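One line per chain: the protein sequences are A and B, in this order.
As numbered in full-length UniProt numbering, residues 1 to 595 make up the first sequence, in order.
As numbered in full-length UniProt numbering, residues 1 to 418 make up the second sequence, in order.
In short, the hints are calculated from the structure, not lab data.
Every value quoted in this text rests on a predicted model; they were computed, and no experiment measured them.
The C-beta atom is built at its ideal place from N, Cα and C for all residues, glycine as well.
Please note that a few of the clues may not be correct.
Incomplete in silico selection of chain B near chain A, CB under 7 Å [stated by the list, open to error]:
{"no.": "1", "residue": "LEU22"}
{"no.": "2", "residue": "TRP24"}
{"no.": "3", "residue": "MET26"}
{"no.": "4", "residue": "ARG30"}
{"no.": "5", "residue": "PRO32"}
{"no.": "6", "residue": "LEU35"}
{"no.": "7", "residue": "VAL329"}
{"no.": "8", "residue": "VAL331"}
{"no.": "9", "residue": "ALA332"}
Here are the simulated DSS-like cross-link-like pairs (lysine-lysine), alpha carbons at most 25 Å apart as the crow flies [claimed, not checked]:
{"no.": "10", "chain 1": "B", "residue 1": "LYS283", "chain 2": "B", "residue 2": "LYS116"}
{"no.": "11", "chain 1": "B", "residue 1": "LYS371", "chain 2": "A", "residue 2": "LYS282"}
{"no.": "12", "chain 1": "B", "residue 1": "LYS268", "chain 2": "B", "residue 2": "LYS363"}
{"no.": "13", "chain 1": "B", "residue 1": "LYS116", "chain 2": "B", "residue 2": "LYS268"}
{"no.": "14", "chain 1": "B", "residue 1": "LYS363", "chain 2": "B", "residue 2": "LYS48"}
{"no.": "15", "chain 1": "A", "residue 1": "LYS282", "chain 2": "B", "residue 2": "LYS363"}
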Amino acid sequence: MTSTLPAATTNRTTTRPPAGTPAETTTDSTETTQMTAATATAPAPAQETGPAAGAGTAAPRRPRRRAAVERISLALLPRPRATRTDVLLCLGLLTVIMVVQAWNITRFPNLSDDEGTYLAQAWAVQQGDGLAHYTYWYDHPPVGWLQIALLTWIPSLISPDWMTVATMRYAMLPVGAVSAVLVYALALRLRLPRWSAFAAMALFGLSPLSVVLQREIFLDNLAVLWILLAFWLAASPSRHLWHHFGAGLAAAVSVLTKETMLLVLPALLVTMWRHSHPETRKFAVTGAITSCVLVGLLYPLFALLNSELFPGAGHVSLIDGIVYQLSRPGSGSLFEPGTGSHAVVQSWLYYDSVIIYGGLAGAALLVVTHRWSVTARALAGPALAVVILAVVVTRPSGYLPAMYVIQALPFLALVLAAGAASVTHAVLRRRRPGREGIPQRRAVTVARWTAAVALGVAAVAVVAPTWYQGNKTALTEDANASYRAAVAWMGREVAEPADTRVLVDDAVWLDLVHQGYEPGTGVIWFYKADLDPAVTETLPGGYRDIDYVVSSPTVRRDAVDLPIVKDALENSTPVAVFGDGEDRIEIRRIAGGDR
Amino acid sequence: MLTAAFIVVVSLALFWMAAFTLWWQMHAWRTPEVLAATRFGRPDGEAKLSFSLLVPARHEQAVLEHTVSRLLRSAHGDYEILVIVGHDDPETAEVAERAAARDPERVRVITDTHEKKNKPKALNTALPHCRGDVVGVFDAEDQVHPELLAHVDHAFRTTGADVVQGGVQLINFHSSWYSLRNCLEYFFWFRSRLHLHAQKGFIPLGGNTVFVRTEVLRQAGGWDPNCLAEDCDLGVRLSSEGRKVVVAYDSEMVTREETPGSLLALLKQRTRWNQGFLQVYRKRDWRRLPGFGQRMLARYTLMTPFLQAFTGVIIPVNVLAALFLDVPVGVAVFTFLPLLTAAVTFVFEIVGLHDFGIQYGLKVRFVHYLKLIVGGPFYQVLLAGAAVRAVWREQRGRNEWELTSHVGAHLSREDVLR
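Chain A extracted, bound-state conformation (with noise of 0.2 Å):
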């Protein structure tokens, strides 16, 4: 048990590696760095670069069996080492991203209610009346909007007035970059080649459907973040205990920002097994999931603290918050014409259905060939998640929100790329007869290259048209013009906003709190009449108490269920329309008021 590492080693305590560690003796070659899984699906002596070749006292090459399928640990390929190169691609093209992610950022998409919330509820922090303005219910763990608060802290400082939903997308921005950065550099610790680690960037970042959805104030967007970063600690090249702790803590921290991440958590466990090194192994996954674990009981505990754990009469509770969100009415099976569900995944493929075909295509791939393929075992993690996320999605009913394909972009990103390596390896290199310096058949090679050549030009072929709608869309569309109509009507027609009472959907609730409606009881989350007794003990006269109605599509759709909003909207007469059809919005006044 003494000398399962090799033998070289000094007795000193000491961070250098010993002599003979496959893992560091390699990387004196720049040329050995470059190897990546992804080339080396199959162990062929030609492969010079192979994890051995680098060592100079390596054991003698065992003679090649073309039926055996060697497996090649992923601690002996040489680590994994951003280069210049490496930093400068992905600073090119994450400058590309965020410019197309910037560009039009308030105009489009269609401001969502979901948004409102979270800022809402940022801006609630920010004015210490703690973790929102009205009641903190355990909806979801907070932490997301803390986030939030923390992010907009500065810039709603400078201008008070820029903390709404279209301005503060802008902070979106810094975690769309840091995300995509991460997604590279993942890829490039999973050992994927470069060039396949810079698809996978692109991918993340350009795809239309995450162009769409990162630039929204989702907290999804801000779990991503913290499960890559989780991700990046877990595939660490040094596999560092505190890293792979640390990854706990990261993964704890998306779970927290937002909890269906929770489905990702057995993904993130097959990374950091893979990852890690046997002798050290039950120490680093035991550290994570210890570290994971301890900060996600914070949740309970903060609950437990403030008395709200259980369920109770006259207090909400973390139980009650819980229960609601596992009895949401189920959105119906994604098979079915009609269906909530079906319309959801409708929308993602509407804007791009690349990266979710390819994506499950590329899981696939990895699983069937995890046998072979150290790619596919590098990626097992990322591969997992999709394949767990994608089973959850096909169940046969349950919720299923528009933002749950949020989580599964990086992932799909990561495997799609890999799946294009894998693919491209087998084209180029797999079963290249003669050994090193021994060339191949000429024509061979020109066919594989054709080959290679040929499957490039029809993947651009078929992303880019799909890609140039779908951006062009994003940086031209104005979608929200009724939205900014309305407000500022809002603004220049009613004389005392102090003393007026409107109900409105939360996207424009801050830039109605601005124009000096007062928040919580003024400008009220058109629902909370209805649903929180401290709002609704302020309407005694129900909907006559209230003087205007900003009538979007949530709040035509959601009034069926809301007895005062529905009379509300019964009891008014439009005063003003902005837009057409579905989306218009009205502003309609209480006819039978007592104001």
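Position chain B relative to chain A; hints supplied.
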């Protein structure tokens, strides 16, 4: 507000203390490379150094013969054994003389005539008689591996070290709840933490399986006869002089020992060590360490027993204060930070126990893990008790001889049941 601020400050201090201790405790498992480097290098077959092995024995007639005969099985070719016996201890002397008569080339008997006896005096008595290049120290009940000397020889030659510290491991974890924790303490100390100390250039040496170049030891003036932790003191003095210390741990090569036989014996042993640490701290040799970080590490390490006692008491108090005094929830969450570190430490101890079982081929059962967890707080109380007792004794000037005669120290193991 003041209470809240106070609680936050105390919590953060406790958190960082526990975090640092944990960080150092886990040193060996940081990366696979670090773990590999903590082991002995494989000897190349040529032994060059000669060894003088000192075995102080006092009322050890029952085990001494076995220990010496085991030492004589060493695979190394060039060594002598010096058994040090007291002039007032004829039984042990008789066993020693018998061994010397059987192998006069290898074994000699040195008689210590000091009126009041302790281990450093015995070692100092033998030092002038050492003929080897390297002096090694073993206790009379130690089970020493036959390959050890060859490995140590190799370590000295390949690293140019002045001191080589081998591993010592308590083995009888199944004897009682406290022996379980005691074994694990040794495991983390010799398997992991000591390597960090060697790397940082400040190391409190262990009491046996420690090897020092003879001329270095003579220049340093041998052991401090007045110190209750002469081993720790020697390490601190040698590191302060910039001597190179190398630590190696191999589960096959460790010197195996057993825990004190009763709680009281453990308490007394720990009191003596703590008092010894306090003495070393007050001797201020560590102030000559060149680096600021080294001095801080020395300060912290020598004070650890007392910090440990302090934290053991203050963590629960802190949490209770947060729960029952009216402080904001945000502040209350802070008080749980030290508890989190404690939980992480617990988990790593469980994994450590598992690893210990594997390394030594011992069967660790579920009940042992249970004992480890349940016994944790009680062991903490024991450590705190020993620390308080040590401070109290040191304050009252009840050090050295009085204590030694009470506790029995290394030399007389009458209170160490087997």
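Now the hints, each set against the structure:
no.: 1; hint: LEU22; result: violated (10 Å)
no.: 2; hint: TRP24; result: violated (12 Å)
no.: 3; hint: MET26; result: holds (6 Å)
no.: 4; hint: ARG30; result: holds (5 Å)
no.: 5; hint: PRO32; result: holds (4 Å)
no.: 6; hint: LEU35; result: holds (6 Å)
no.: 7; hint: VAL329; result: holds (5 Å)
no.: 8; hint: VAL331; result: violated (10 Å)
no.: 9; hint: ALA332; result: holds (5 Å)
no.: 10; hint: B:LYS283 / B:LYS116; result: holds (22 Å)
no.: 11; hint: B:LYS371 / A:LYS282; result: holds (21 Å)
no.: 12; hint: B:LYS268 / B:LYS363; result: violated (30 Å)
no.: 13; hint: B:LYS116 / B:LYS268; result: holds (19 Å)
no.: 14; hint: B:LYS363 / B:LYS48; result: violated (39 Å)
no.: 15; hint: A:LYS282 / B:LYS363; result: holds (18 Å)
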